[in-house]
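Undergrad: Hints are included, so try docking the two chains, each in its own frame, into the full complex.
Line order of the protein sequences matches chains A and B.
Residue 15 in the numbering used here sits at position 15 of the first sequence, with consecutive numbering throughout.
Residue 343 in the numbering used here sits at position 240 of the second sequence, with consecutive numbering throughout.
If you're looking for bench data, these hints aren't it; they were derived computationally from the structure.
These numbers were taken from a predicted model, which means no experiment stands behind them.
Hints are supplied without guarantee of correctness; some may be wrong.
[What the hints assert, rightly or not] Below, computed lysine-lysine pairings styled on BS3-like, alpha-carbon distance capped at 30 Å: (1) K375/B with K339/B; (2) K69/A with K339/B; (3) K46/A with K375/B; (4) K375/B with K445/B; (5) K46/A with K429/B; (6) K46/A with K339/B; (7) K429/B with K69/A; (8) K46/A with K69/A; (9) K46/A with K437/B; (10) K69/A with K450/B.
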Amino acid sequence: MIVTQIARIIADFILFLDLTDDEILDADAAVEMMEWVGHRLETLDKDFLRQLVDAFAVIAPEYSGDSQKLVRDIPYSFYLEEELAADDPVRLAELEALRDARD
Amino acid sequence: MAARFAEMVAHRTPPSSARDDAVECKFNPWHDPSDGRFTFAGSGNYHDAGETARADRAPGTLRRGHPWKRRIATGPKADRSRTARSAGHSEKTGGRGTTGARPRSAALPSSGQRNQAVEFVGGVGEGLRDVTVETIAGIRTNPVTTLHNAGHRIASTIDTAIAAEDTPARIQVSRAAGAVANASPREIGRAAGSVVGNAALAAAPGAALGKISTLRRVREATPPINYDPPQVGWVKENLGPEKAWTRYNDAATGARPGQAPTLMRTMPDGSKRPVKFDGLLDDYMIDRKFTVVNRPRAQAQLLRQSEVLAQHRLIGTWEVPNEKQKIAALKMLKQMNVNNIKVRIMKP
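Isolated chain B (complex conformation) (with noise of 0.2 Å):
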């Protein structure tokens, strides 16, 4: 809907569809000459597609011929409408040219249309000032939580958008008539520009909260997070005449010759057992496979070594000599449901 508007505006032209009896095309040429914005009808000049007139443009002096200018032409004009009530024709009795598009502020006064209209731009303008403050205010005040309560707020105003797309405008300009039947223009403006400005910050939230230095301070704020280092123990290991898949498993990182680097996992007893690795690089324990086997003891060794990497907030990584050996180790890894342990390829 936004880009056909869009094509409208730019081309002053209805866009070409296949489906122009069943969509309904909207088209307001009424603009404020001070700042460009459309106004209501009555007020400001009116442009036609490629032409300019006065609001005291007289009607009737558009073509007729295709549907979308038949709108236009049936569209606000206060005097026509005036004229029309006069004569006591009602939109459903079906004046001329009449295709139940009329919108409801046609049918007022000029007077009382031009200090609504106005009533309601102010309105605009205070909503969009309350999405500013609150942003602010609220970053000032706790940056974290503002703006992830902003971020949630901005994506429900999006999927609330997204929906309404799909929802033909006269049921949306039904529904919003019913729902501020009772409020002032004033009102409904202040609502309008609200949802403006939280559109606006969520089609460019880069730039928006960008011009705002209080986000560098909300960087700087964040608390970086420090663990410990892991408590690492090492024990003797001697698993007999040096094979490959010994000098394999000695050449991990950070390994030492006749030893293997522990981790103390906690039992539900409290009572506290080692667990084995190969060698460790940083936080990462690493435990070399030769080759993958899928046993029932392999599996509770993979369990023991899953667990005391999460007592640890570690994670561990599973070095193996080739991709036939990773792929079996992800199946082993998702077959167990571990996910703290990675799986990369060392060729020996």
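The shape of chain A in the complex, shown without the other chains (with noise of 0.2 Å):
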């Protein structure tokens, strides 16, 4: 349940930086504040992390149009799932063939 609620918390936060107008938000400090909050969401437990990975798959049919894709690819955009297999070869290559296809 809490890390459904942090998840929400984070997923507003990224559409934030995502999505807000340039002339409101710098873009290049966008992508800065970005890059710090993937290095943040790296650095959690990796338990924690599994469960917060998890979790944006949940909470995405909450969020429409656009939004509900950047949601569900936050996992996928921050490297997050290559994060936990980082000790796991075979993992991080079956990882690598599917973002290649998806590429």
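TA: The structure is reproduced here in structure tokens:
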């Protein structure tokens, strides 16, 4: 339950950085802030990160339009699955293949 | 084919091969004693495997056991050819020891053959001279273009030679005979000399061209390309309290505290907007990525940077803290088809 609430907070903040107009929010500053958020997510406890990654898929239907896809893609665009599989070369290879197929 | 021929010349013996019955081996025992070059049958000295004889050596003294030596024995011998012709034997009907590989010149009268051989050798010399003269003259007139074109011609010659390697010799001879049926020996020799000259340039271009002093002037004549230094602007940048990522970005080469270097990007409507980086080193604009993220806004930033770098004829560098981020950055660059930004690791 708590991880879902935290996932909503993170998702809202990332959507703000992603979708706010350039006239209101400097685009380069927004990217730098996202990079820092990404670093913070990577350094989370791995068990909690696992739950958080799963939670983004759970809360995504609460958003509409492009926002829904952006929330669902948070683990992909921040390389969170790769962070969880850092010690598993087989899983990393699988993720790389999935990413190549998707790109 | 060239290696096999060299082996034959070096050892004066046929190269060992499991495909003797499938591969046609050739050997020209006739040489000019003055310069060691191959000659036509009946002129120069006759060099057999392990022995040397004069041109008027008596035929029939070779051992007939090996198919290769049988070919030599049935090779161009004007006297025996004349004998065979006078006896009414044609090559197709299979004269004594005939294998079908008899050169056409063997059937010519010795006096006419001698003149044609001389004509051929003279033509080779002219062809070689033409190649050299054309190369030097071209370098003097338009060195860069000529060397470029010469490179194409040499490459084409090599391609042709490589293709010919896979073509049996008898087919090549047949084609050549058909193509030059009406050409004089001098013309044939001239064409052969041109090919040999081009092949020599291709085989040892450094040695051949290094002797041409004009080449030094070619190097000196190449104008250096100078571009104006990048028009870098600076804008204020305050991203809040100091954190690890702000320290990392501020430590980029050429960075100024509280400022970010920018390049002015020309928009499609003619307006100009600055694109931020974190530092610069000579002509390289540096952007540091503490963590690579592949969000739409990050992709847009990447495209902005790539476009402005292209407009200013510059190369960008993304500096990342570790190998994992480098891999992510390379994937993102590949995905976005950006190739004017490089990635390197710079530890915090």
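Undergrad: All the hints need checking, so say for each whether the structure fits it.
TA: Each hint tested on the structure:
About 18 Å separates the Cα atoms of K375/B and K339/B, which keeps this hinted pair within 30 Å; it holds. The suggested pairing of K69/A with K339/B is violated, with an alpha-carbon distance near 34 Å, which exceeds 30 Å. With a C-alpha separation of about 45 Å, the suggested pairing of K46/A with K375/B is violated against the 30 Å cut-off. Distance restraint check for K375/B and K445/B: the Cα-Cα separation of roughly 25 Å lies within the 30 Å cut-off, and the hinted pair is therefore satisfied.
Distance check on the hinted pair: K46/A and K429/B sit about 22 Å apart at the alpha-carbon level, within 30 Å; holds. Between K46/A and K339/B, the direct Cα distance comes to roughly 38 Å. Violation of the 30 Å bound is thereby established for this hinted pair. The straight-line distance between the Cα atoms of K429/B and K69/A is roughly 26 Å, inside the 30 Å bound, and the hint therefore holds. With a CA separation close to 24 Å, the supplied pair K46/A and K69/A stays within the 30 Å bound.
About 29 Å separates the Cα atoms of K46/A and K437/B, which keeps this hinted pair within 30 Å; it holds. Taken as a hint, the K69/A and K450/B pair is broken in the structure, with Cα atoms around 34 Å apart against an allowance of 30 Å.
Hints 2, 3, 6, 10, counting from the list given before, are not met by this structure.
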